[in-house]
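Number of protein chains: 2
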Amino acid sequence: MSKAKKTTIQDLADYANVSIGTVDRVIHKRGKVSPTKQKKVEEAIKHLNFNPNLLARTLALGQQFNIYSLLPKASNSNSYWNLPKQGVEEGVMNYRDYGIACHPFEYDLLDESSFIENADAIIQKNPDGVILAPLFEKESINFIQKLEAKNIPYVFIDGIIPNQKNLSYIGPDLNGSGHLAGKLMSTILDSSDDVLVLNFVKGLENSHINTIEKGFREFFGTSQATRTGKINTLTIPSIKEEDITRELTKYYIKNPGTKGVFVTNSRAHIIAKYHAMYELSIKVIGFDMLQANIHEMKNGNIDYLISQRPISQGNMAVKALFEYFVHKKSPIKIQHTPLDIIIKENIDYYVSFNETNDGDKIDKE
Amino acid sequence: MSKAKKTTIQDLADYANVSIGTVDRVIHKRGKVSPTKQKKVEEAIKHLNFNPNLLARTLALGQQFNIYSLLPKASNSNSYWNLPKQGVEEGVMNYRDYGIACHPFEYDLLDESSFIENADAIIQKNPDGVILAPLFEKESINFIQKLEAKNIPYVFIDGIIPNQKNLSYIGPDLNGSGHLAGKLMSTILDSSDDVLVLNFVKGLENSHINTIEKGFREFFGTSQATRTGKINTLTIPSIKEEDITRELTKYYIKNPGTKGVFVTNSRAHIIAKYHAMYELSIKVIGFDMLQANIHEMKNGNIDYLISQRPISQGNMAVKALFEYFVHKKSPIKIQHTPLDIIIKENIDYYVSFNETNDGDKIDKE
DNA sequence: ATTACAGTTGTGTGCGCACACAAATTTATA
DNA sequence: TATAAATTTGTGTGCGCACACAACTGTAAT
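For the protein sequence lines, the chains are Y and V, in the order given.
At position 267 of the first sequence the residue is numbered 267 (the numbering used here), and the sequence of numbers has no breaks.
At position 201 of the second sequence the residue is numbered 201 (the numbering used here), and the sequence of numbers has no breaks.
Wrong hints could be hidden among the right ones.
[To be verified] Using 20 Å as the maximum straight-line C-alpha spacing, the simulated PhoX-like pairs for lysine-lysine come out as follows: (1) K298(Y) x K344(V); (2) K183(Y) x K73(Y); (3) K240(Y) x K73(Y); (4) K344(V) x K183(Y); (5) K344(Y) x K183(V); (6) K138(V) x K344(Y); (7) K240(Y) x K183(Y); (8) K344(V) x K214(Y); (9) K183(Y) x K214(V).
[Stated by the list, open to error] Short, incomplete list of chain Y residues facing chain V, as computed with Cβ under 7 Å: (10) L55; (11) F65; (12) N118.
Please keep in mind that the hints were generated in silico from the structure rather than gathered at the bench.
Positions of the beta carbon are idealized from the N, C-alpha and C atoms, including for glycine.
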């Protein structure tokens, strides 16, 4: 297996008794080569196991690919979006020498118009590729239609709009993540316990949440026919503490049998703190390894976190575009990231892995 | 953030009013530069945010780094070792253009002498770096002493020998993985149920197993003081089916209260099949996403699998050496891979993720 | 035979860098 | 002041490749 030092086009030329120009023509199918030499060169390529040196090629072409990302802006109340962003940055670092550059644009999760503005700005820039978290469905469709008109490839991360001409979707199987949450919930609750599905939502951020909740309820519908406890839903359309406290208190007083809460986004830490404050021993399952969630898990106030590799999502999105640019290879259309099950006993490995391997920092709030 | 097109040494030279030769001297600290120009160039580097183009550098240096890996040979009864190997191959693919080449050597898990032979062969080759799974401790120490004498960097994967001068250890926290298994076991068993720790072991393969079992027992020792069930250990020093069947049958007849089995290596599928055959409803926890384990999990005969990212281990090992070669950067000495908790509900995502993401194929034109 | 003109083939340049070597400058020595 | 020596600078070459262009071949039209 010890592959000898790499063969170059010069080697091919020598072997086939032609000049590197002819070799070049064969490699790039530029034609204008006599059938005889064509065959000889092709044989040389096979015989010498030629693989072009991407470094040299990139250097010679001097090409630059500009990727534009359009992701929600991370905020104090939602630092999740730092992670995909971090992943994109790292991915770009990996391919920096290959001429990949990224220009991050961010929109406000509570404001469609900021999405539109940023999308328009990106269009102006004439990107070579786009990474998009399409949380505003209508506006996203409008955006990608413009991209398609200009023949600009784009990948979705974190959420998907079905049936589009995106290069790839990289992110969780939303329905499956709900299903998994259901399974985990079932392992820590009795079948007579009541469960709360809790949506902290503001604005249009909820497009995917329905799918998640559906998966969650599906699990109990099919797998646990014997279940007698109730599954309720509470949607709190605010992230202000007083609103949340009030709504939760109202709910818990009315539903004292509640033994488990499934938070459908990354804000499990909020209810974890609430439970701690009022000394409620209620199980909590949520998403994403935010600093705040990690903290509450270690305190014992969150039982399960499901993580969907947000950093990898960013990495993979860049990689998909890179492969498309450089190798002209279309990636797999749907790439579901694993749903990691995080508990107190394995959380530290994920934390340090992110720090040392994927990047340098986890998000800070 | 839109970083302009990359600055080159020529840009620096122009900015500092010197020739690229002088810039080169500053960058490489070759000396022979007047303090005045030294400062000017340094300022240029900072001001123009210069980052050398690694591609061009590699191309110019024409360097080739030969990594030799020494891992156990995968067999029918133990296909686990295909995974780290695959990871190494992929890692090498990533850095192929940077002159990284890998030469895989494999030893027989049942035969120390094959380890020694291969180790010697590697020494002969004068490697630039070595990736080692040090399952034979004594022989490994002998090997790495020779490496150290020749100043050859090496990284451990999958298992570690403490207090050596290895560049890095990349793999699971063995004690922690036992601890995690304990936790998982506790969630699916009553505290009065008996548990079996099952070691399928042949030869010296068991060096790490003790650590794992220790972690497992530790969990029950500290966290579950109320536990009344027994924890027994059974070691089966064979992988022949008739031996295994006989030993297991002997054990189960003697210990009918057994409700859970923790298999300390990747061979959980063996006992899973046994349970299925004799219609025993006993919980099983094991390691690693082997095809056979995946199959048995889907059949419902394995409850939890703990995966330690064997493919990532290979990747990271190559990356660590690459960084060391090219950036002269020493990696973190201990890089624990996450312990992924695999259950029926999330296993498919891991399977397809490995296939699509890690399994790059070579492009051909 | 001369020119025109395709169809082939080979050569030169540059990408950004490292490094050997030549040139220019300053300093020491007679 | 001339000259050797030491120090500092600049230039040229090649890494492997892509691409523009120049230099060939052969054939058909005049």
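Here's how the hints hold up against the structure:
{"no.": "1", "hint": "K298(Y) x K344(V)", "result": "26 Å, violated"}
{"no.": "2", "hint": "K183(Y) x K73(Y)", "result": "32 Å, violated"}
{"no.": "3", "hint": "K240(Y) x K73(Y)", "result": "18 Å, holds"}
{"no.": "4", "hint": "K344(V) x K183(Y)", "result": "10 Å, holds"}
{"no.": "5", "hint": "K344(Y) x K183(V)", "result": "10 Å, holds"}
{"no.": "6", "hint": "K138(V) x K344(Y)", "result": "35 Å, violated"}
{"no.": "7", "hint": "K240(Y) x K183(Y)", "result": "31 Å, violated"}
{"no.": "8", "hint": "K344(V) x K214(Y)", "result": "19 Å, holds"}
{"no.": "9", "hint": "K183(Y) x K214(V)", "result": "29 Å, violated"}
{"no.": "10", "hint": "L55", "result": "4 Å, holds"}
{"no.": "11", "hint": "F65", "result": "12 Å, violated"}
{"no.": "12", "hint": "N118", "result": "14 Å, violated"}
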